[in-house]
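**Q** The lines below spell out each chain.
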Amino acid sequence: GPKVLQIPSHQIIDMGQMVTLNCDPVSNHLYFYWYKQILGQQMEFLVNFYNGKVMEKSKLFKDQFSVERPDGSYFTLKIQPTALEDSAVYFCASRRNTEVFFGKGTRLTVV
Amino acid sequence: AQSVTQPDARVTVSEGASLQLRCKYSYSGTPYLFWYVQYPRQGLQLLLKYYSGDPVVQGVNGFEAEFIKSNSSFHLRKASVHWSDSAVYFCAVSAGTGNYKYVFGAGTRLKVIA
Numbered sequence: 001g002p003k004v005l006q007i008p009s010h011q012i013i014d015m016g017q018m019v020t021l022n023c024d025p026v027s028n029h030l031y032f033y034w035y036k037q038i039l040g041q042q043m044e045f046l047v048n049f050y051n052g053k054v055m056e057k058s059k060l061f062k063d064q065f066s067v068e069r070p071d072g073s074y075f076t077l078k079i080q081p082t083a084l085e086d087s088a089v090y091f092c093a094s095r096r097n098t099e100v101f102f103g104k105g106t107r108l109t110v111v
Numbered sequence: 112a113q114s115v116t117q118p119d120a121r122v123t124v125s126e127g128a129s130l131q132l133r134c135k136y137s138y139s140g141t142p143y144l145f146w147y148v149q150y151p152r153q154g155l156q157l158l159l160k161y162y163s164g165d166p167v168v169q170g171v172n173g174f175e176a177e178f179i180k181s182n183s184s185f186h187l188r189k190a191s192v193h194w195s196d197s198a199v200y201f202c203a204v205s206a207g208t209g210n211y212k213y214v215f216g217a218g219t220r221l222k223v224i225a
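Chains as they are written, first to last, in the working numbering: chain B, 1 to 111; chain Z, 112 to 225.
Treat the hints with caution; some may be incorrect.
[Said to hold, decoys possible] Anything over 12 Å on all C-beta distances counts as not near chain B; from chain Z, calculated:
| no. | residue |
| --- | --- |
| 1 | P166 |
| 2 | I179 |
| 3 | I224 |
[To be verified] Restraint-style ranges between C-beta atoms, simulated for each label pair:
| no. | chain 1 | residue 1 | chain 2 | residue 2 | range |
| --- | --- | --- | --- | --- | --- |
| 4 | Z | P151 | B | M15 | 25 to 35 Å |
| 5 | Z | P166 | B | L30 | 42 to 52 Å |
| 6 | B | K3 | Z | G164 | 22 to 32 Å |
| 7 | B | H10 | Z | R220 | 15 to 25 Å |
| 8 | B | V111 | Z | G127 | 39 to 49 Å |
| 9 | Z | Q156 | B | K78 | 19 to 29 Å |
| 10 | B | E99 | Z | V167 | 16 to 26 Å |
| 11 | Z | A190 | B | R69 | 42 to 52 Å |
| 12 | B | Y50 | Z | S114 | 33 to 43 Å |
| 13 | Z | Q169 | B | Q17 | 41 to 51 Å |
| 14 | B | R69 | Z | A120 | 33 to 43 Å |
| 15 | Z | Q169 | B | G52 | 37 to 47 Å |
| 16 | Z | R152 | B | Q17 | 44 to 54 Å |
Hints are computed from structural coordinates only; laboratory data are not their basis.
Just so you know, even glycine gets a beta-carbon here, dropped at the ideal spot from N, CA and C.
Could you put together the complete structure from these sequences and hints?
**A** So this is what it looks like as structure tokens:
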């Protein structure tokens with residue numbers, strides 16, 4: 001079936017550095033999402049993105065976070081600067097119609 | 112706003128026994144409801160979904176769930192569990208309109224013992 005690919009699967013970054021998480025959504029999908037899952041907890045909505053714009057963001061989507069999809073390529077989540085509490089698994093998702101497809105996540109460890 | 116409650120953080124059942132994982136949601140409109148399974152260090156795998164129609168929906172690997180509107184519930188069931196069913200199960204609700212944002216429950220960790 002359709003797959004959302006997330007690269008890399010695991011990333012370790014020094015606190016204060018910038019990190020970009022990459023998501024390759026399903027090819028004809030138009031709506032994109034990021035969710036955050038702290039170890040052992042539920043997934044929580046961060047942001048959704050459509051037609052080049054953020055449509056909705058949660059309170060977890062701090063000012064240090066940004067998203068973009070330049071030229072229809074990867075859908076990215078950038079964190080600048082990173083903080084220890086940003087350590088989590090970040091899941092990308094995409095959809096065209098009603099069904100949302102999730103990637104396998106990128107485990108971000110901020111040290 | 113939507114919310115999901117999974118009241119059981121951990122459930123332990125014997126292999127071959129039946130299973131019910133509970134999920135209650137809160138949403139004023141017509142919900143889209145989902146059950147996902149997450150194996151260790153893996154992504155989410157969709158087990159089943161309910162949009163409309165028959166309130167009992169069948170999913171993969173023998174799972175089913177029943178939408179009971181009067182009770183705002185969408186419990187997951189399986190007649191006979193296998194050790195490989197050990198995982199974390201998440202219930203989720205979406206408005207089904209607008210941005211289709213998903214709201215997840217806290218998850219139920221299922222352990223199947225011999």
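**Q** Next step is simple, just say for each hint if it's right about the structure.
**A** Tested hints:
1. For P166(Z), the shortest C-beta to C-beta distance to chain B comes to about 18 Å, beyond the 12 Å cut-off, and the non-interface label holds.
2. Separation of I179(Z) from chain B is adequate, the least Cβ-Cβ distance of about 22 Å exceeding the 12 Å criterion.
3. Every C-beta of chain B lies more than 12 Å from that of I224(Z), the closest at about 21 Å, which supports listing it as non-interface.
4. Our hint of 25 to 35 Å for P151(Z) and M15(B) holds, since their Cβ atoms are close to 26 Å apart.
5. For the pair P166(Z) and L30(B), the beta carbons lie near 30 Å from each other, so the given range of 42 to 52 Å is not met.
6. Checking the proposed 22 to 32 Å range against K3(B) and G164(Z) shows it holds: the Cβ atoms sit about 28 Å from each other.
7. Checked against the hint of 15 to 25 Å, the C-beta distance between H10(B) and R220(Z) comes to roughly 22 Å, which is consistent with it.
8. Hint check: V111(B) to G127(Z), Cβ distance near 44 Å, so the stated range 39 to 49 Å holds.
9. Evaluation of the 19 to 29 Å hint for Q156(Z) and K78(B) yields a pass: the beta carbon distance comes to about 28 Å.
10. Taking 16 to 26 Å as the suggested C-beta distance range, the pair E99(B) and V167(Z) conforms, at roughly 20 Å.
11. Taken as a hint, the range 42 to 52 Å holds for the pair A190(Z) and R69(B), whose Cβ atoms sit roughly 44 Å apart.
12. For Y50(B) and S114(Z), the hinted distance range of 33 to 43 Å is not satisfied, since their beta carbons lie about 24 Å from each other.
13. A hinted range of 41 to 51 Å holds for the C-beta pair Q169(Z) and Q17(B), which are about 47 Å apart.
14. For the hinted restraint 33 to 43 Å between R69(B) and A120(Z), the CB-CB distance of approximately 37 Å keeps it satisfied.
15. Under the hint 37 to 47 Å, the C-beta atoms of Q169(Z) and G52(B), about 39 Å apart, fit the expected range.
16. Between R152(Z) and Q17(B) the CB atoms are about 24 Å apart, so this pair departs from the stated range of 44 to 54 Å.
The structure fails hints 5, 12, 16 (numbered hints given earlier, in ascending order).
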